[in-house]
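Trainee: Those protein sequence lines, which keep their order, are chains A and B.
Numbering of the first sequence is given in my numbering, commencing with residue 1 and proceeding in unit increments.
Numbering of the second sequence is given in my numbering, commencing with residue 1001 and proceeding in unit increments.
Keep in mind that the hints were calculated from the coordinates and are not lab data.
Just to be clear, a hint being listed does not mean it is correct.
Below, in silico cross-link-like pairs of lysine-lysine (DSBU-like), each with a Cα-Cα straight-line distance of 35 angstroms or less [said to hold, decoys possible]: (1) B/K1250 with A/K266; (2) B/K1190 with A/K266; (3) B/K1048 with B/K1016.
Between beta-carbon pairs, the in silico distance windows are [as the list claims (entries may be wrong)]: (4) B/Q1042 with A/R183: 35 to 41 angstroms; (5) A/D127 with B/E1207: 39 to 45 angstroms; (6) A/R68 with B/Q1177: 42 to 48 angstroms; (7) A/E182 with B/S1117: 43 to 49 angstroms.
These figures come from a predicted structure and were not determined experimentally.
In this text, a Cβ means the ideal position worked out from N, Cα and C, and glycines have one as well.
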Amino acid sequence: MTTDYTTEELMACAVSRELRDGELGFIGLGTGGRAFIYAVGVPSVAIALAQHRGVDFIAQYGVKLEPRIPEVPDCFTDANLLAWPCRAMILVEDCLDMFRRGMMDWGFVSGAQIDPYGNLNSVCIGDQKQPKVRLVGAIAQTDHCAHARHTMIIVPHERRVFVERVDFISGLGFGDGPGYRERYQHHGGGPGKVVTNLAVLDFHPQTKRMRVQSLHPGVTREQVEANTGFALEFPNPVLVTPAPTPAEVELIRTQIDPRGVWLQAKVS
Amino acid sequence: MREKVMGLREAVALIKDGDTVAIGGHTLRRHPMALIHEIIRQGRRGLKLQGWNNGIDMDMLIGAGCVASVETSYIGISAFGLALNFRRACERGGLHVIEHSETTGLDMFRATVMGMSFFPTKTPLGSDLMRTNQHLTEITCPFTGEPFAAVRAARPDVAIIHAHTTDKYGNVQLDAQRWNDQSADVLIGKAARTTVVSVEQIVSDEEIYRNSLLTVLPRKFVTAVVEAPYGAHPCGCDARYDYDLEEVEKYYEASKSEGSFKAYLDATVRGVADHMEYLERIGVERLMRLTRTRVARP
Chain A
1 MTTDYTTEEL MACAVSRELR DGELGFIGLG TGGRAFIYAV GVPSVAIALA
51 QHRGVDFIAQ YGVKLEPRIP EVPDCFTDAN LLAWPCRAMI LVEDCLDMFR
101 RGMMDWGFVS GAQIDPYGNL NSVCIGDQKQ PKVRLVGAIA QTDHCAHARH
151 TMIIVPHERR VFVERVDFIS GLGFGDGPGY RERYQHHGGG PGKVVTNLAV
201 LDFHPQTKRM RVQSLHPGVT REQVEANTGF ALEFPNPVLV TPAPTPAEVE
251 LIRTQIDPRG VWLQAKVS
Chain B
1001 MREKVMGLRE AVALIKDGDT VAIGGHTLRR HPMALIHEII RQGRRGLKLQ
1051 GWNNGIDMDM LIGAGCVASV ETSYIGISAF GLALNFRRAC ERGGLHVIEH
1101 SETTGLDMFR ATVMGMSFFP TKTPLGSDLM RTNQHLTEIT CPFTGEPFAA
1151 VRAARPDVAI IHAHTTDKYG NVQLDAQRWN DQSADVLIGK AARTTVVSVE
1201 QIVSDEEIYR NSLLTVLPRK FVTAVVEAPY GAHPCGCDAR YDYDLEEVEK
1251 YYEASKSEGS FKAYLDATVR GVADHMEYLE RIGVERLMRL TRTRVARP
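Could you put together the complete structure from these sequences and hints?
Mentor: Right, dumping it as C-alpha cells:
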C-alpha cells in the first residue's frame, strides 16, 4: 500500500494537514485543465479531507459559501453552479470585503511565475507595456496575497514558473525581503506554504526566502533543483512529505471525488 | 412618464468614438454581447473600456479594432485560457492596459456610486499595480497614519450591461436565481453618465410592481433599455440559458490569427443585419438546447 496514490492525492493530503478548526478559506473557480486541478481541485479535496477529520473549515468559492464538495457538478455552467447546494450566496463586493477585513485565514492561489520571496505573477511575461506573453491579469490574486492570513500557493514545479524575479508583481509575497510587507502594514501575513508536484516549501522566518520543507516520496533534491530557477535551502536531513494513508485515498476515491471532477479535472 | 425603450441601433448610437465604456458581466457570464456586436457593426473607434472581470466582450471589441485602452482585472476565455485578440494587441504594443485586482476594479465604480472621488484600500500596496496604474496612488489615513491606496473613481461615459427584465420605463430587474458575481453590474450601471441596458424581455408595469425586490436599477439610473433575447449569447445568462461552448470554441479557434478572426467577425457580426438575424444563424435548435439544460433545484 505504499505506491497506490496519485501526486494530486498526495498534494491534497499535504494541504489538508495545514487546515485548522474554525478557519475560512477562499477558492476561485475560473480555470480549466491542470490549472483547475491545482487552483481549485487540490484545495477542495484538502478541505473535504479536513472536514472528514472533524475540522470545522468553511470553504468559500467566490460568492458561494459552503457548497457540498462531493456534489460538485460535472459541468461548470452557471445553471449547474447555481443548483450546487450551498449555505450562502453573497454579493461579490461582500465576498471580496471579507478579504479586506482580514477574515480570510487561507487564500488558495496559483500563478504563472513565483520568485524566492513568494511574489506571484499572472499579468505578463516581459515588460507590461509590450509583453512577450500577455496573461489574463491580476484577478483576485492581489487580494489573496495582501489580505489572507496566509496564502497556500499551489503551482507546478517547473523552471519557467520558479524564477529569480517575477516580471510583474500582481500578488505580493515578501517583496524584496524582510521589512517589505511591514512598510505597507498589510493585515495579511503573506505566503504560508507552497505545494507543488515535487515538494512542500515554506519561507524562512528571518530571510523570507523560500526553502524546502519536505520532498514528496521518491523525489530527489537534484530533481527539485533542476526544476527551480533560484537557489533553495534544504533541511538537513531532508524530510519526506507523508504519503496519503490508505484510508485517505479510499475516502478521496469513494466519497470526496468519486467522479474525478476535482483531481482529474473531469469537468466539461 | 418617460419611456426608454430603444432599438439596438439607436441605443448604441449613444456611444461616440473615444468614449469611456464600462461593460458588465463576469468571465463568460452575462456580458452584453448583442450591444457589443452592434458597436462592432457601427465601427466605433478609440473606446476606453472599463470593467472588473471581463473576457470575450473586451477581446471581441479589441479584435474588431474598436479599442484604445482597457481597465479591468481579467481578460480571459475562462476554461479555454488566454484571450487571444487581447494577447496579440498587447504583444504588438499600442493597447494601453490599466491593471486592477478584482477589488480595485470594483472600487473605482463603488467610489462613484457613493459620490466619492476615490476609494481607499490596502489591496494593491507593494504590488506592481501601484507602479503601472495611474488611477492608483498612495495616501495616508488621517486618523491612524496607516498607508492606503486611493483608487480613482470611474465615471464612464456609457455603461452597457445585460439583465433579465425591465419595464418600458427602465426599471431593470434581475431574476432571484442569479449568480451573485453579477452584483458588480449594478455598481457599473449606477456609475456611468449614460446607462444602456439590454434585457431578455420587456415586461409589464404590473410585473415590476409584483416583484419590486428584484429591481436592481431603478429607472433614475437608466438611460435606455433594449429588448435583446439571448442578448448575452454565447455567454450564459444565469438560470435562463447556459453559455454556448460550441460557439465559444469556434470563437477561440478563430481568434488564433488576425485573418481567421476577421473572417469570423465578417460572418458572425458584421455580415448580419441585426440581433434577430444573428440568432437565426445560431438557430432555434441550439438556442433551445442551451435553455433546456437549465437545472432546477429539487
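Trainee: Compare the structure with each hint and give your call.
Mentor: Now the hints, each set against the structure:
1. B/K1250 with A/K266: holds (22 angstroms)
2. B/K1190 with A/K266: Not satisfied, since the Cα-Cα distance of roughly 40 angstroms exceeds 35 angstroms.
3. B/K1048 with B/K1016: holds (11 angstroms)
4. B/Q1042 with A/R183: 35 to 41 angstroms: 49 angstroms Cβ-Cβ, so the 35 to 41 angstroms window is violated.
5. A/D127 with B/E1207: 39 to 45 angstroms: Cβ of A/D127 to Cβ of B/E1207: about 53 angstroms, so the range 39 to 45 angstroms is violated.
6. A/R68 with B/Q1177: 42 to 48 angstroms: The hinted range 42 to 48 angstroms is violated for A/R68 and B/Q1177, with Cβ atoms some 18 angstroms apart.
7. A/E182 with B/S1117: 43 to 49 angstroms: Since A/E182 and B/S1117 have Cβ atoms about 29 angstroms apart, the given range 43 to 49 angstroms is violated.
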